[in-house]
Amino acid sequence: MNAADPFVITSRERAKYGEQFKSLQPVNGVVTGAQAKGFFLQSQLPPLILGQIW
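If you read the sequence shown in the working numbering, its first letter stands for residue 1, the second for the next number, and so on.
It is possible that some hints are incorrect.
Taking lysine to aspartate or glutamate pairs in the DMTMM-like style, the calculated list, with each CA pair at most 25 Å apart, reads [what the hints assert, rightly or not]:
1) LYS16 / ASP5
2) LYS37 / GLU19
3) LYS37 / GLU13
Bear in mind the hints are in silico, worked out from the structure with no lab data behind them. These numbers come from a predicted model, not from an experiment.
Taking the hints into account, I'd like the entire structure generated from these sequences.
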């Protein structure tokens, strides 16, 4: 993470998140809501936090 810009990610982070996205088997670069929900539920974040993200 870049201290100057919290939204900048390293190339290593980009690769990691890219692999996670590919594991969801997107079709034309898109995952379904059900796929995304299942993925985010694995984070074990409280539902209130997940609701804010979603």
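Results of checking the hints against the structure:
{"no.": "1", "hint": "LYS16 / ASP5", "result": "holds (19 Å)"}
{"no.": "2", "hint": "LYS37 / GLU19", "result": "holds (17 Å)"}
{"no.": "3", "hint": "LYS37 / GLU13", "result": "holds (21 Å)"}
Comparing the model with each numbered hint stated earlier shows that all of them hold.
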